[in-house]
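*Asks:* Please model the entire structure based on the sequences and the hints provided.
Those protein sequence lines, which keep their order, are chains A and B. If you count the first sequence from 1, you need to add 297 to reach my numbering. If you count the second sequence from 1, you need to add 297 to reach my numbering.
Calculated from the structure, these hints are not laboratory results. Treat the hints with care, as some may be off.
The list treats identical chains as interchangeable, and a pair is accepted whether it falls inside one copy or across any two copies.
[Unchecked claim] Keeping only pairs whose Cα atoms sit at most 30 Å apart, straight-line, the calculated DSSO-like set for lysine-lysine is: (1) K361 with K434; (2) K532 with K314; (3) K480 with K361; (4) K532 with K480; (5) K532 with K434; (6) K314 with K389; (7) K389 with K361; (8) K389 with K480; (9) K434 with K314; (10) K361 with K482; (11) K482 with K389; (12) K514 with K361; (13) K480 with K514; (14) K532 with K389; (15) K314 with K514; (16) K314 with K361; (17) K434 with K389; (18) K434 with K480.
There are 2 protein chains.
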Amino acid sequence: MISGGDDVPRLLIEAAKRLETPIQEGDIIVITHKIVSKAENRLIELANITPSEPAANFAAYTGKDPRVVEAVLRESRAIRRMSQGILITETKHGFVCANAGIDKSNVEGRETVALLPLDPDGSARRIRLSLERLSGKRVSVIISDTHGRAHKDGEVNVAIGASGFPVILDRRGEMDLFGYELKVKRIAIADELAGAAELVIGQASEGTPAAIIRGYKVRVDEASKATDLIWPRDKDLFL
Amino acid sequence: MISGGDDVPRLLIEAAKRLETPIQEGDIIVITHKIVSKAENRLIELANITPSEPAANFAAYTGKDPRVVEAVLRESRAIRRMSQGILITETKHGFVCANAGIDKSNVEGRETVALLPLDPDGSARRIRLSLERLSGKRVSVIISDTHGRAHKDGEVNVAIGASGFPVILDRRGEMDLFGYELKVKRIAIADELAGAAELVIGQASEGTPAAIIRGYKVRVDEASKATDLIWPRDKDLFL
Numbered sequence: 298m299i300s301g302g303d304d305v306p307r308l309l310i311e312a313a314k315r316l317e318t319p320i321q322e323g324d325i326i327v328i329t330h331k332i333v334s335k336a337e338n339r340l341i342e343l344a345n346i347t348p349s350e351p352a353a354n355f356a357a358y359t360g361k362d363p364r365v366v367e368a369v370l371r372e373s374r375a376i377r378r379m380s381q382g383i384l385i386t387e388t389k390h391g392f393v394c395a396n397a398g399i400d401k402s403n404v405e406g407r408e409t410v411a412l413l414p415l416d417p418d419g420s421a422r423r424i425r426l427s428l429e430r431l432s433g434k435r436v437s438v439i440i441s442d443t444h445g446r447a448h449k450d451g452e453v454n455v456a457i458g459a460s461g462f463p464v465i466l467d468r469r470g471e472m473d474l475f476g477y478e479l480k481v482k483r484i485a486i487a488d489e490l491a492g493a494a495e496l497v498i499g500q501a502s503e504g505t506p507a508a509i510i511r512g513y514k515v516r517v518d519e520a521s522k523a524t525d526l527i528w529p530r531d532k533d534l535f536l
Numbered sequence: 298m299i300s301g302g303d304d305v306p307r308l309l310i311e312a313a314k315r316l317e318t319p320i321q322e323g324d325i326i327v328i329t330h331k332i333v334s335k336a337e338n339r340l341i342e343l344a345n346i347t348p349s350e351p352a353a354n355f356a357a358y359t360g361k362d363p364r365v366v367e368a369v370l371r372e373s374r375a376i377r378r379m380s381q382g383i384l385i386t387e388t389k390h391g392f393v394c395a396n397a398g399i400d401k402s403n404v405e406g407r408e409t410v411a412l413l414p415l416d417p418d419g420s421a422r423r424i425r426l427s428l429e430r431l432s433g434k435r436v437s438v439i440i441s442d443t444h445g446r447a448h449k450d451g452e453v454n455v456a457i458g459a460s461g462f463p464v465i466l467d468r469r470g471e472m473d474l475f476g477y478e479l480k481v482k483r484i485a486i487a488d489e490l491a492g493a494a495e496l497v498i499g500q501a502s503e504g505t506p507a508a509i510i511r512g513y514k515v516r517v518d519e520a521s522k523a524t525d526l527i528w529p530r531d532k533d534l535f536l
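*Replies:* If you want it as structure tokens, here you go:
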């Protein structure tokens, strides 16, 4: 259970020790954004929100709670799709997802909802540096959220924050089995790692907000971040 | 190295034994579609393709090889996006991906390309039943391909064929830590498992066309399949 101001890196280190799998050199720590949002006090009380007129209009159209719509609009820089029960926006970070990532699960208080961290890449970096200082090991950190997809049913966990490794593994220029040069392979490993972690993190009452991925080698990269995965608008063919 | 007519399930069983990790009850076997396409003779020689007039037109517009465009059109039921160097179609199965999934990597012959399996779900089912008969263990099978995404840079591995387990883990109705009922959690575990496998399968010269995921529990489901993950057109908000 995480509350505002909690020291997430210290709690992770302690939990890993308690589970007899202390953090090792090269570990990739995937953390569900919910505990980061809680530690950073990114919770809001719907009771304290007065919907603006646009929010009330959109709420009537989508059938959503006007206070939730207001919160979504405040967290968004653009609306991408609206329809019955659906409000897909572009968050201020640039992620395209339902309700600007605002959600209710595993948040205490019947009318309290969690917002995404203000700067998930910055949070990932702070948590990574703190984990490295506390453990003496070099690690990578991913902060994850569960997003729907265009074209496909169901949701998958993706990286909304990342620090310590290249979020894309660029394999262009490598040779295949027959000496043919790969031209298009750029693998979004940050998202694949986040998805893999989701399989053990779960999202209901497991109370497992983080996972350690061990044995997958990544290059050290201090600059790469999850927002690098977002297409600029002129490259997104499904605006 | 797989050739037309090869018995993929038998080769997988033998490789697993050789690697001293024989298939176990509940294993999830993720197989890159390339070896399935090869075994099913889904290769074509570009030299044998005469581009139609539409293919020639689109090739001029996109800057692509007219023979490749012709092959893509033959494998597609609709075009979703076209621009410089980009041709995103809806395959006959319904997957939205670049070039109808046609690709060149790890295919012998300078002008030979691989098509997707005709019916990847059917292939997954046949391979699963064969693996189960040969091993005496119940398993699940995923046939994977690497797809780009709307809104985001980079590619991830996804399931284009699946058999033996529910491709979506529906957690709606479960309770969170505070007794709040989950309303929207439907996790596309088939895609998360495919993405996890990609991290070890690779796509260049590793010659690792399959992975075993062990220890992740799935429910037995004989009916669920990867094409269940495709939004019908009226639900795809990013047509």
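*Asks:* All the hints need checking, so say for each whether the structure fits it.
*Replies:* Hint by hint, here is what the structure shows:
1. K361 with K434: Neither, since 46 Å and 47 Å both go past 30 Å.
2. K532 with K314: neither (44 Å within a copy, 46 Å between copies)
3. K480 with K361: Between copies, since 13 Å is at most 30 Å while 45 Å is not.
4. K532 with K480: Classified as within: same-chain Cα gap 18 Å, cross-chain 33 Å, threshold 30 Å.
5. K532 with K434: Intra 38 Å, inter 46 Å, cutoff 30 Å: neither.
6. K314 with K389: neither (36 Å within a copy, 51 Å between copies)
7. K389 with K361: within (21 Å within a copy, 36 Å between copies)
8. K389 with K480: between (33 Å within a copy, 25 Å between copies)
9. K434 with K314: within (14 Å within a copy, 36 Å between copies)
10. K361 with K482: between (40 Å within a copy, 18 Å between copies)
11. K482 with K389: both (29 Å within a copy, 24 Å between copies)
12. K514 with K361: neither (44 Å within a copy, 35 Å between copies)
13. K480 with K514: Within one copy only: 23 Å inside a chain, 36 Å across chains, cut-off 30 Å.
14. K532 with K389: Both: 18 Å inside a copy, 26 Å across copies.
15. K314 with K514: Both: 22 Å inside a copy, 25 Å across copies.
16. K314 with K361: Neither way: K314 and K361 sit 43 Å apart in one copy and 55 Å across, limit 30 Å.
17. K434 with K389: neither (33 Å within a copy, 49 Å between copies)
18. K434 with K480: neither (35 Å within a copy, 39 Å between copies)
The earlier numbered hints that this structure contradicts are 1, 2, 5, 6, 12, 16, 17 and 18.
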